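Trainee: One-letter residues, chain by chain:
Protein chains: 6
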Amino acid sequence: MATVNDILNFLETLAPRSMKMDWDNVGLLCGSKHNPVTKILVALDPFEGVCREATETGAELIVTHHPLIFQAPTSITDETSIGRSIMRLCRHGISAVNAHTNLDQAPGGVNDVLAERLGLKNIQIVDPIDAPIPYGLLRMGEAESQPLEKFLATVKDALGCDGLRYVDSGKPVRHVAVGGGSCAGAMQEALDAGCDTFVTADVKYNQFWDAKDLGLNLIDAGHFYTENPVVPVLAGKLQAAFPEITVKVSETHHDCMKFY
Amino acid sequence: MATVNDILNFLETLAPRSMKMDWDNVGLLCGSKHNPVTKILVALDPFEGVCREATETGAELIVTHHPLIFQAPTSITDETSIGRSIMRLCRHGISAVNAHTNLDQAPGGVNDVLAERLGLKNIQIVDPIDAPIPYGLLRMGEAESQPLEKFLATVKDALGCDGLRYVDSGKPVRHVAVGGGSCAGAMQEALDAGCDTFVTADVKYNQFWDAKDLGLNLIDAGHFYTENPVVPVLAGKLQAAFPEITVKVSETHHDCMKFY
Amino acid sequence: MATVNDILNFLETLAPRSMKMDWDNVGLLCGSKHNPVTKILVALDPFEGVCREATETGAELIVTHHPLIFQAPTSITDETSIGRSIMRLCRHGISAVNAHTNLDQAPGGVNDVLAERLGLKNIQIVDPIDAPIPYGLLRMGEAESQPLEKFLATVKDALGCDGLRYVDSGKPVRHVAVGGGSCAGAMQEALDAGCDTFVTADVKYNQFWDAKDLGLNLIDAGHFYTENPVVPVLAGKLQAAFPEITVKVSETHHDCMKFY
Amino acid sequence: MATVNDILNFLETLAPRSMKMDWDNVGLLCGSKHNPVTKILVALDPFEGVCREATETGAELIVTHHPLIFQAPTSITDETSIGRSIMRLCRHGISAVNAHTNLDQAPGGVNDVLAERLGLKNIQIVDPIDAPIPYGLLRMGEAESQPLEKFLATVKDALGCDGLRYVDSGKPVRHVAVGGGSCAGAMQEALDAGCDTFVTADVKYNQFWDAKDLGLNLIDAGHFYTENPVVPVLAGKLQAAFPEITVKVSETHHDCMKFY
Amino acid sequence: MATVNDILNFLETLAPRSMKMDWDNVGLLCGSKHNPVTKILVALDPFEGVCREATETGAELIVTHHPLIFQAPTSITDETSIGRSIMRLCRHGISAVNAHTNLDQAPGGVNDVLAERLGLKNIQIVDPIDAPIPYGLLRMGEAESQPLEKFLATVKDALGCDGLRYVDSGKPVRHVAVGGGSCAGAMQEALDAGCDTFVTADVKYNQFWDAKDLGLNLIDAGHFYTENPVVPVLAGKLQAAFPEITVKVSETHHDCMKFY
Amino acid sequence: MATVNDILNFLETLAPRSMKMDWDNVGLLCGSKHNPVTKILVALDPFEGVCREATETGAELIVTHHPLIFQAPTSITDETSIGRSIMRLCRHGISAVNAHTNLDQAPGGVNDVLAERLGLKNIQIVDPIDAPIPYGLLRMGEAESQPLEKFLATVKDALGCDGLRYVDSGKPVRHVAVGGGSCAGAMQEALDAGCDTFVTADVKYNQFWDAKDLGLNLIDAGHFYTENPVVPVLAGKLQAAFPEITVKVSETHHDCMKFY
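Chains as they are written, first to last, in this note's numbering: chain G, 1374 to 1633; chain F, 1374 to 1633; chain V, 1374 to 1633; chain E, 1374 to 1633; chain A, 1374 to 1633; chain C, 1374 to 1633.
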């Protein structure tokens, strides 16, 4: 029977640990690699609701993008969300593994999926890191030349998000960079690569103004909506590799943030 | 004739330097305190557009909330926005003064104005710092008990913003904390003070989830829209104190970020 | 029914959190303060064997001196001892609380118990910290003036340890300082307080030589043997305070180190 | 018409940016690379007097050795010398460029000019950094073997300085190292290269004694006097490269320090 | 006549400076490399007793493993052991040289001698550092498969120590790693290299438990007893290389720590 | 017979250790406080020449302003000046004590002596530190209003130095601050205290320009010449306190730096 270790080994082929950023925490963060696995729950985050869903659906493993443990905890109690999640997983013998910045940066990962979902053509890695398999954070691709307004509609529709926040640099959309999650700090890279438009999330006030100053259309499409597209893709790859396991995408995990 | 120094002294009565945070940069950031002033332009930010408006309207002084210089520049050239602003101000002999976190924290400042604009009652400083004139970052006040949806409409209407982002903790709105700009890091303080709802800006993905975990309605009403209400108030106080000076609120400075 | 919180409150009276060292981690480190408690297991360490004994004896709470979590873990897996302990506690719904340096320093704590066990008279705190209830790390007391050899026999007998390591400064034993666990770094303090002999543990090569240079008899009586005497005392106080709870001292936890 | 950018490009051929030290600030520090240039003022320092001379002579560009901005300023006001300089330059649309440690280290730069001015033969780079064009801080060369007293007269005469400060190691002068400005920290390098005499500036009390201990004649010939010789050389090269531009050496900038 | 420098050069062939750890202090730590040498005293430590023995036996040089100066002293007075040692050496014109971590790591050094003394076969460097002459901290070798108890007797007998402290992992002894002095921090390396048993010193309470958790027999045979075997070997090599010098092993230097 | 300790106790009354700066090293830096003293050599520095003079004149103690050990040495050998000094002192059983920044700051110390030597009236501590006996680094006093040129002659004559370096701010001399040694970093303090002129040493190029910008006459009268006046005063006080001891001022120690 497949074990947690088999899943870890498979994830290593999709998003090698060597592709993660230095500060990141990835791999087996809770449980045991020796545990047998018959059901996997895949989700963007290992939050409490996802852990509860795992116990309710009988999954022995959750596979997520974000790590269960980011700031190492000095206690595991029911007074914190991370404590409640770990206590629940341990109580039910559920393991938790994740691929975070390694999945952002790997070919076929978070950002390739995002670029494809937006319908970009000739997708390339921006500033690829030289390695046997080149990788990197941002992707860029070409869109039909169009007014920003039209592209905003495409983004909203493709990602299924309720709202977008953006700044209009006055340029039409033609060369688009994407960075799922909080990548606004990389806007100069996108610009240097020749892009006129950058889709990312968690953009702050001064960053919108920086983009305007730099002449870059900057679109905040939401952290959840720019990263979640990888979840069903990842689930599909796991299912294909382990046909005997039931692989489910979380049905309960949605963005908690809403627009009004 | 009034000089820049007279304005600085008046601002010191509204928002004493002793109330600023350690890392902040406030006061006279460009020009000369000896310059005479006949026209003042007041705005939230000393961005290029505001500097241009100052030259076009003949103002000798701009008074803003955000500082002209935040990250000290190693060059002053037309290749950066800050360089272009400083060069323009110097070329036209315009001075720039600001009150930032001292105005956030001072009684009657950014956050008192915000709380009043939202119609809160019994407005108090959250965790006031003990001083002859107590001050502090957040304000809290009471609203008529109401569903969150209703309060969202009030916020949007009162601040005139195009959109809001929020998380719904399931609680009705009764005790509301406010912190204009990027204050989500203080959400625990708001909670500890007994609030069910917190209005601030620049909220990140994980902060919305933290609020949900903590049982706090968190509303991101925009950095510009939560802080800009202080601008006409500040202009009014300047005008009242210096009737011989023409005090104008910037007509060109709006939020560059839009919702879609 | 008593809860974990009641135990925490009682421990706070014995060893207030304010008496701990800055770097220390004490209190509820695993579980829930709301859990009911009918059986407590008390031990020096919350190691795997103790956690296993707790599950086997049906305890809902372990109370230890050393903290369950010292170096905050970036994962909770069966590949580490700390991971296995936490997983076991969570699986069985057992909570873990501890009092570490607060119990070392509190009156009636680790070092008072050790000093009494060694039969010292006129026991005092060395360099007491000025507070409503003075406290401090080391204790000192008087012994009948005797050759070191004789005192070594007393120590070995009183603590029940298989062996001692020591350096003989040539002085007879009269004024004795004690510091359970790794306190050799405080030998100058013991000397300055007028002691000729210091009982502690985990002494390194250069520290034995330092003691010889300073003219101090230094005795390493073992980390376990110098701190474990507090365990039955602590259990007794818990039992007296909570007569309805079954309080047990661990039967399986002994020092793993042996002499040959 | 030539622009500031053309001057920058030409300076890059004389003193490439890659030759500067990590902490240094060189290149365009004020103004715009797009500005046309018909008159250049060249000086060692971009101090207020030099900026005033630029405005009075109609120069659109000042070229200096020392940077206009060293410690990045948190305000640009008339209360500081740097603020007054920047305000003046901006008011008059004058740009400022500089080549500092890159010009110290480049072949033909500050230290080669100094070595030649002192009449040294077989001038070489001390500890050259391996690069397509080797470079380095100090230069060394040979002098006719002579008593130190005689060489002091040569230095004073060649550099035109009013006074020298020195320590006499008792050795005759034969192999001389030079480092314009504050290079006394490199005296061991000069010694290791086989020099008996080192000409530099800004020497402190303990450094004179260190030199005496090491057996090195150490001569402080003044920061201004050891670096200023490069100024007319640099002006000459600029003039030759841009015959249509009027290139002037500052007539007002002298050392403010005097001997008594 | 041989000088201190000749001894330094010879030690460089046995334990090159390039093999030392970054933080270490080795070589000539007191005196003059130009001093003639007719008598050398070799000891593990340059403590006061050894310095006194040097003066009493007329040695001009002491050669030790541990450095005379570890923590650089801010004064040289008779109030500290290091001060008294240095004052004595200087008063008598005695030089002090040492080889510390370079001798630990060099082939034929501390750990090879220790491994041989314990009768291990097929001795190898654990995790050798790639260099023309590979080197490294730990050594490993094979023993006849035996119960731990039997091996403990061998260690005690071979090293001549009065006592051992150890933890029994339950495994028989077959593959043994050794690291003289305080090497318990490297226990994972020993385990990864396939060892079941590790002989080192200065082991702390938690390290014994770590070893037990990891399934490693860990033996603390004393800092002195695990390193001192190299002393006569080193003396022998010096004597062979310098037959005209009298090379003596210290007769007074023993471990000050005793077992009871 | 008087001992080194008696001298230390007396120095504590002149320049208490509590008045030193945090980073400083003062008191007994070499030798033994128990040593008897019949002859003391007093000098500004404990350099090799002074140590040699001590051995030649039979002094058992040198008392200096600058510390023997500033940068703690990792070896004591004849390859460094500090090593040679310490070896010489130890060889001859000479102790070394010093009072550095405590003597700079104490009433009656370096800077009071300097101010008096310059003939200033109404001498006061600049920015005195509040303590039972107030103290501080700089002194200020009044001079007859005079042209700078005249005051320069006074300084040169009073201190006996061969040359001065200075910048002329254009102001007459009336209120003079003094700081022996390297105190140019405190020029703003001198200015804020109302001084027009500041006498110190080790002034760098940019500091002369800063003084000119600030409108302060800055005079570099040499590190040796501004501090050495305290030496005979200190010797006199020692002689008065210990009439039975021969107290000598060094005859060989002069500034090694010369003007040309």
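Misleading hints may appear alongside valid ones.
Because identical chains share one entry, a pair is satisfied inside a single copy or across any pair of copies.
Claimed, not checked - When the alpha-carbon atoms are kept at most 20 Å apart in a straight line, the in silico EDC-like pairs for lysine to aspartate or glutamate are as follows:
#, residue 1, residue 2
1, 1631, 1500
2, 1577, 1397
3, 1621, 1429
4, 1631, 1379
5, 1577, 1429
6, 1544, 1586
7, 1406, 1522
8, 1631, 1541
Everything labelled a hint here was simulated from the structure, so no lab data went into it.
Predicted model, so just to flag it, every value in this text is computed and none were measured.
Trainee: Hints first: check each against the structure and report whether it holds.
Mentor: Okay, the hints, checked on the actual structure:
Taking identical chains as interchangeable, the C-alpha atoms of residue 1631 and residue 1500 are never at most 20 Å apart, the minima being 34 Å within one chain and 29 Å between chains. Within a single copy, residue 1577 and residue 1397 get their C-alpha atoms only as close as 22 Å, which misses the 20 Å cut-off; across copies the closest is 18 Å, which meets it. For the homomeric pair residue 1621 and residue 1429, the shortest alpha-carbon distance inside one copy (13 Å) is at most 20 Å, but the shortest distance between copies (36 Å) is not. For the identical chains of this complex, residue 1631 and residue 1379 are neighbours neither inside a copy (38 Å) nor across copies (41 Å), given an alpha-carbon limit of 20 Å.
Proximity of residue 1577 to residue 1429 under the C-alpha cut-off of 20 Å is found in neither arrangement, the shortest distances being 38 Å within a copy and 29 Å between copies. Taking CA atoms no more than 20 Å apart as the test, residue 1544 paired with residue 1586 passes inside one copy only; the shortest distance there is 12 Å, against 41 Å between copies. For a Cα distance limit of 20 Å, the shortest separation of residue 1406 from residue 1522 qualifies neither inside one copy, at 49 Å, nor across copies, at 35 Å. Taking the closest pair of Cα atoms, residue 1631 and residue 1541 come within 20 Å of each other only across two copies (8 Å); inside a single copy the shortest separation is 23 Å, beyond that limit.
The structure does not agree with the numbered hints 1, 4, 5 and 7 stated previously, though it agrees with the rest.
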